[in-house]
Amino acid sequence: MQILINGIALGSVYALIATGFSLVFNVLKFSNFSHGALMTLSAFAGYFIAAQKGWGLVPTILTAVVTGALISLIGELVAFRRIIARKSSSEYFFVSSITLGALYEGLVTIKAGANFYNYPRFFKNATIQLGNWVVSTSDLLMFSISAIVLILLVYVLNKTRIGRGLRSVSFDFETAKLMGIDSTRAIQTAFLISGALAGLAGVFLGINYTLYPTLGGMVVKGFIASVIGGLGSFPGAILGALLLGMTETLLINFVGSGYSPVIIFFIMLAFLLIRPRGLAGSNVQEKA
Amino acid sequence: MALITSILTFIFITIVSVTGVYILTGLTGMFSLGQAAFMALGSYVSAIMVTKLGVPFIPACVIAVIVAVLIGFVVGLPTVRLRRDYISLVTLGFGEAITSLLNQATNLTGGASGFTGIPKITNIWIAGGSAIVCIVLAAYFKNSKYGRQCIAVRNDELAAKAMGINAPRVKMIAFLTSVAVTAFSGCLYAFFTTYVDPTLFGWKKSAEWIIMVFFGGSNSLTGSILGTFLLSGMPEVMRSLAEYRSVVYAVLVLLIINFKPSGLLGEWELTRRNIRALFHRRKPDDSNGNYTETSKEIANDGPTRS
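Residue numbers (my numbering), protein chains in the order written: chain S, 1 to 288; chain G, 1001 to 1306.
For the record, the hints were derived by calculation from the structure and aren't laboratory data.
Given the structure is predicted, the values throughout are model-derived calculations rather than measurements.
A virtual CB, placed ideally from N, CA and C, is assigned to each residue, including glycine.
Don't take every hint at face value.
Claimed, not checked - DSS-like cross-link-like pairs, simulated, lysine-lysine; straight-line CA separation at most 27 Å:
hint: 1; chain 1: G; residue 1: Lys-1120; chain 2: S; residue 2: Lys-29
hint: 2; chain 1: G; residue 1: Lys-1260; chain 2: S; residue 2: Lys-87
hint: 3; chain 1: G; residue 1: Lys-1205; chain 2: S; residue 2: Lys-29
hint: 4; chain 1: G; residue 1: Lys-1052; chain 2: S; residue 2: Lys-29
hint: 5; chain 1: S; residue 1: Lys-111; chain 2: G; residue 2: Lys-1204
hint: 6; chain 1: G; residue 1: Lys-1161; chain 2: G; residue 2: Lys-1205
hint: 7; chain 1: G; residue 1: Lys-1145; chain 2: S; residue 2: Lys-29
hint: 8; chain 1: G; residue 1: Lys-1205; chain 2: S; residue 2: Lys-111
hint: 9; chain 1: G; residue 1: Lys-1052; chain 2: S; residue 2: Lys-87
As the list claims (entries may be wrong) - The following label-pair restraints were derived from C-beta to C-beta distances:
hint: 10; chain 1: S; residue 1: Phe-254; chain 2: G; residue 2: Arg-1169; range: 48 to 58 Å
hint: 11; chain 1: G; residue 1: Gly-1111; chain 2: S; residue 2: Ile-267; range: 23 to 33 Å
hint: 12; chain 1: S; residue 1: Phe-266; chain 2: G; residue 2: Asn-1166; range: 22 to 32 Å
hint: 13; chain 1: G; residue 1: Leu-1003; chain 2: S; residue 2: Phe-266; range: 51 to 61 Å
hint: 14; chain 1: S; residue 1: Ser-89; chain 2: G; residue 2: Val-1133; range: 25 to 35 Å
hint: 15; chain 1: G; residue 1: Asn-1166; chain 2: S; residue 2: Met-1; range: 48 to 58 Å
hint: 16; chain 1: S; residue 1: Ser-144; chain 2: G; residue 2: Lys-1052; range: 26 to 36 Å
hint: 17; chain 1: G; residue 1: Trp-1125; chain 2: S; residue 2: Thr-184; range: 19 to 29 Å
What the hints assert, rightly or not - Quick look at which bits of chain S chain G covers, simulated, 3 or more residues with Cβ under 8 Å:
hint: 18; stretch: 66-77
hint: 19; stretch: 83-94
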């Protein structure tokens, strides 16, 4: 039971990564590999500001979220705007995002060196007693904030004007444009939200582990989650992330943290062989 | 002099790896972010063969390449039928898995502290010769039936399928060829530095190779190799700026992608006809005609059997 709770908390962070990644994937149909480095960058921004000004938890998270969102917007302008306008093939999006990721990581390394950093301790009590179970405060916090954010996101996507615009653009770029939807705005919104999610996930990972320039490697977990759930599907991403979080905590408990990435990789391969569409089902073939 | 020789040897080894990446990324349009993990496989398998089992160098390389190809087949099997995004995501996961495996299997690989005591066999001639052989092979591959099918799949997978090309098979062939070449570069690397550790083979390395391919021109083998030469020689020239290296790389490539998306050389290849055209001050005849020509050829051949 204890493992299950830890797994859900970990899974909720993976869900933040996976949804942020899916959002951009849905609109532009490419895998945004700068997502991981963006997480690192905003987590570090949160760290430096919090450590220097001695701020508490909430301003730290807010700084990281705002930084993530802004940088993501700038990244869209610098790396993707011209490619979108040119309607290039998806290869250029790939290369652009990989390069952007290398750029972010390089910037972090210049500022922070290859050192490890620890967030200041935000909580007086490291654990909370809930009935019979002991839950660590950071896990509880991660889970509750992620849940709130994800519910909010689903609401925005399904019920508001912005969400409808975003969904129609991701459904059919050209037609949405003809129907008078400002597609540039929609793409910017997608990057904005995705960046904010990356910032949030970055801070959580930083609190949970330590902070180091290649923290972005954790994004692999988000990618695996979205592959298991079905590329580009939100419910799939969230479900896949929760499953992954639980599997991973179980594996770490039984076989140790060293071999668990190997086993998870094989689970993913098997999953792709048996059900390539993922849990939720999405388009897996290249469309014309 | 020794420094220059060692820099050149490194560049040659990188050229071998990038040739592999070119076949995958430049020709077929697939991105492997775990390509460096295949290099790691090549390094470790050949090193273990030679130091622990006493196998001579060349058979050890052959075995290492075969092992890497077999593992590549397992990795590629579920992904070649799907969108091309999957191969990047799956290989990225594969890279992580290999790194943690190498870190864990301490008594076989030396774990995080690295594998030491590999004899030094690779010298500049072996590296240079291998680079030339790999380039020739890649050029041959590009002009072969498979190469043309790869380009067709890259440009439009659906249309290629409609022309009778077995797209998953073509993708698999390209993937395995590139895995073999990259694993071979790993053997060269291990027997040059005499020391390997798991951190050398992260996704950054794979990303760097892809960047080199695109810097020189993803449609041109000549361009990819030129890109490798420039980008892997650059950090040696400006050593004082080592920290800024990846930033400079990234900015350069972003500029190229935004303003000259076909890379430095575009589709220009170093062939006899093009060189002659260069000296006669005429424009090389394929500013963008090269690929349409190729796809026409395929179309004229009728459904290609594969």
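Evaluated hints:
{"no.": "1", "hint": "Lys-1120/G - Lys-29/S", "in the structure": "violated (46 Å)"}
{"no.": "2", "hint": "Lys-1260/G - Lys-87/S", "in the structure": "holds (14 Å)"}
{"no.": "3", "hint": "Lys-1205/G - Lys-29/S", "in the structure": "holds (25 Å)"}
{"no.": "4", "hint": "Lys-1052/G - Lys-29/S", "in the structure": "violated (47 Å)"}
{"no.": "5", "hint": "Lys-111/S - Lys-1204/G", "in the structure": "holds (18 Å)"}
{"no.": "6", "hint": "Lys-1161/G - Lys-1205/G", "in the structure": "violated (33 Å)"}
{"no.": "7", "hint": "Lys-1145/G - Lys-29/S", "in the structure": "violated (30 Å)"}
{"no.": "8", "hint": "Lys-1205/G - Lys-111/S", "in the structure": "holds (21 Å)"}
{"no.": "9", "hint": "Lys-1052/G - Lys-87/S", "in the structure": "violated (53 Å)"}
{"no.": "10", "hint": "Phe-254/S - Arg-1169/G: 48 to 58 Å", "in the structure": "violated (39 Å)"}
{"no.": "11", "hint": "Gly-1111/G - Ile-267/S: 23 to 33 Å", "in the structure": "holds (24 Å)"}
{"no.": "12", "hint": "Phe-266/S - Asn-1166/G: 22 to 32 Å", "in the structure": "holds (27 Å)"}
{"no.": "13", "hint": "Leu-1003/G - Phe-266/S: 51 to 61 Å", "in the structure": "violated (44 Å)"}
{"no.": "14", "hint": "Ser-89/S - Val-1133/G: 25 to 35 Å", "in the structure": "holds (31 Å)"}
{"no.": "15", "hint": "Asn-1166/G - Met-1/S: 48 to 58 Å", "in the structure": "holds (51 Å)"}
{"no.": "16", "hint": "Ser-144/S - Lys-1052/G: 26 to 36 Å", "in the structure": "violated (52 Å)"}
{"no.": "17", "hint": "Trp-1125/G - Thr-184/S: 19 to 29 Å", "in the structure": "violated (55 Å)"}
{"no.": "18", "hint": "66-77", "in the structure": "violated (count 0)"}
{"no.": "19", "hint": "83-94", "in the structure": "holds (count 8)"}
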